[in-house]
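There are 2 protein chains.
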Amino acid sequence: MAAKETCFGVIGISGRGRGMLAELLSVEGVKVTAVCDKYEDRARDGVEIVKKKAGYTPDSYLDYRQLLAREDIVAVLCCTTWITHSRIAVDAMRAGKHIAFEVGGAASLEECWQMVRVSEQTGKFCMILENCCYDRNELAIFNMKKLGLFGEIIHLQGGYQHDLRDEISMGDLIRHGRIQNFSNRNGDLYPTHQLGPIAKLIDINRGNRFLTLSSMSSKTRGMHEWLNNSPDVDRILDSLDITDEQAAWFKEKYLDYHFTQGDIVTTMIKCARGETIFLIHDCMLPRPYSRNYRVQGTKGIYMEDKDSVYFDGVSPRRHDWEPFAPYRDKYEHPLWKQYAADGIHAGGHGGMDYLVLCAFAESAINDLKPPIDVYDTAAWMSVTCLSEQSVALGGAPVAVHDFTDGLWIDREPYRRGKYCLEEVCTDFFE
Amino acid sequence: MAAKETCFGVIGISGRGRGMLAELLSVEGVKVTAVCDKYEDRARDGVEIVKKKAGYTPDSYLDYRQLLAREDIVAVLCCTTWITHSRIAVDAMRAGKHIAFEVGGAASLEECWQMVRVSEQTGKFCMILENCCYDRNELAIFNMKKLGLFGEIIHLQGGYQHDLRDEISMGDLIRHGRIQNFSNRNGDLYPTHQLGPIAKLIDINRGNRFLTLSSMSSKTRGMHEWLNNSPDVDRILDSLDITDEQAAWFKEKYLDYHFTQGDIVTTMIKCARGETIFLIHDCMLPRPYSRNYRVQGTKGIYMEDKDSVYFDGVSPRRHDWEPFAPYRDKYEHPLWKQYAADGIHAGGHGGMDYLVLCAFAESAINDLKPPIDVYDTAAWMSVTCLSEQSVALGGAPVAVHDFTDGLWIDREPYRRGKYCLEEVCTDFFE
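Protein sequences appear in the order of chains Y and W. Letter by letter, the first sequence follows residues 0 to 429 of numbering that gives the first Met the number 0. Letter by letter, the second sequence follows residues 0 to 429 of numbering that gives the first Met the number 0.
Be aware that a few hints might be false.
The list treats identical chains as one, so a pair stands whether inside a single copy or across any two.
[Claimed, not checked] Here are the simulated lysine-lysine pairs, DSSO-like style, with alpha carbons at most 30 Å apart:
hint, residue 1, residue 2
1, Lys-145, Lys-218
2, Lys-145, Lys-305
3, Lys-305, Lys-3
4, Lys-218, Lys-305
5, Lys-218, Lys-252
Quick caveat, the hints were computed from the structure, so don't treat them as lab data. Nothing here was measured: the structure is a model prediction, and the numbers come from that model.
This is chain Y alone, in the form it adopts within the complex:
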């Protein structure tokens, strides 16, 4: 068995890192020989997870450079804070490792370009782990688009609509990085969950590209209102493993705290082929979770928030929604069909964490280009710093860079590997 396994390292054993590490260990052919976190307790957690789940003991490090110096490691999974992803990725590629990291936005265009250049120079891949690309619904939509149900795609919407007032405000107490970003930045801090699937659906970097975007930000009131008036605050503080002094310090600091991030940030993106995309970032107000997915073409429309579709001349009643579920079943993506049939990986976020890690592992183990490559990673992440620029410039449109240096015009759809997204590679599933 061991001879067939490929060695991986995992950096960042945060709450998210713990889940992703456990998930990665369930992927065939993966051996995690080293874990790393700058906090000792978290590094220890990583060791324990591997021991418990895989039955062997990995080495652990506090400095990720030591992990990158190991010769056995082929690829690295990184689950650190948003603003450390690109520098760790660059260091990893320079150390000869493929790198995949958790989602987040970029702080600058330059860090995106650096990832691109280093990936080109080293031949190592750099993949953002956009799990939503592998969601059951999103995969079915890929399939339906490929089969022409939507006609020509015209407009798309998506967003990150997730009430995170507790996790944001209590970042200092729970060692979560969001707080620093929401305190100091103002833009679409977390664009990729729906932008990733949207980009794949309309062939971004392979026949299409983002041209410009403009963003607006609302006033910021949600956190202040919640921190000062909600009974949830005391309840959550009580539930945390903190001292009374820490709770008092928190209230002293945050009840009158000024957040910079607007409660709602909206972004419009224009694409080279003429599609428009509307994105929304909505994490500081009360609401049920939704990614606001909407796909609209010349023949039909899908809308996540209605869990419904409508297709011209196909839907039984003119101008009347019909449920999406039967379409999802009928056009189930082969990847998801197999996953459901195997039924053994009851993974995080409804299975999509497992599938995106399979995609990463498949590429790393077989030294393939990944289905989400450095150009995708750079383009999707750059929306964060560009939206910050546009907000700061009063909504002025700003240019999205072409990280392919023109190759997007005739780059072929990605067809390698079982986990590709643009194509539905049925030959893997016969």
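Guided by the hints, dock chain W onto chain Y, whose structure is given.
Then chain W, alone, in the frame of chain Y:
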């Protein structure tokens, strides 16, 4: 009876005009003594409608200036094409008549300013008949906002999402004005259906104002695809009262026709008090009807497309939608309660046509300022020409004018009349 009636004129007996004329005749205290349309058959239709519905015969005109010259007429209802509203309004006010006209967008900022200046000079009012302000749902939302259910309002969405491919393309055959606009313009041509209620909800021109907007337009494909591929086209042509030559002419002209209007136009608006608004114009692709209404505050959210609400600490399950209907019943606006109780005016568009005409008639008969005044009319309509500018400028933000010349800062909420919107004037309903 006759002594208590006030004389109205009606200009534009289009399909819409016919319905609105009939509706106006059912409003208490209204006598329609003159009708006008530039087409003789339509003018005759107007006379017949009045005879049938009211039992008397109005005069009819082909030139609206002749109608405006009559001394008996106090106020004019105008249902002509979008691009003739403001000039007829200006002529009407100069002739000493109050004017109310059907919804549509402005062609220029200057025509908006002209309406404002002429209204100020003449003391006559100029009211856009935004019926959606009087929709049952919208009225309940006003009430809920007033009672603080949403907390501080942060973000709003709305749109005109109405598959009008048949009415747009066949405008030449059915004497409908949309075709000229969709052929030659590119912007949010029809913003007011949801912008009106949104503006009233966040006190635009009375404590708040639109500051800037930016718009993007998608490619235009929907009409071409539909005209060339849908069996609906022949079916609809067959159903029209036209000759074979007209049908052949239509196909010759429109199968390869180039529309300028993008299939989807999106607009973001920033307000003085910090709210953001997202608008969408979506009339050229297959879809069920929706006005995309969404109201989001520090305490809760309403979403038309889900017919649901969520309120922090109120909704029974955390982060779970609950149906809107019980809230609508509980917070039913007194205006709608009375309307439902009377149950006698089964009017157009679920009753909101009747209510907006009541608001118009109440103001005209009693010489009151109307609940939707010239500043509202100008601000809402100006979004059309401003969105065209922004689209043409690649999404650049453009300034929305302050048609109140600064008075918005401390203008009081409108409290006169039974049909006011910002306030819920319960004393009219005791």
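Checked hints:
{"no.": "1", "hint": "Lys-145 with Lys-218", "verdict": "between (40 Å within a copy, 20 Å between copies)"}
{"no.": "2", "hint": "Lys-145 with Lys-305", "verdict": "both (22 Å within a copy, 28 Å between copies)"}
{"no.": "3", "hint": "Lys-305 with Lys-3", "verdict": "neither (46 Å within a copy, 50 Å between copies)"}
{"no.": "4", "hint": "Lys-218 with Lys-305", "verdict": "both (28 Å within a copy, 25 Å between copies)"}
{"no.": "5", "hint": "Lys-218 with Lys-252", "verdict": "within (21 Å within a copy, 49 Å between copies)"}
Violation of the numbered hints given earlier is confined to hint 3; every other hint is satisfied by the structure.
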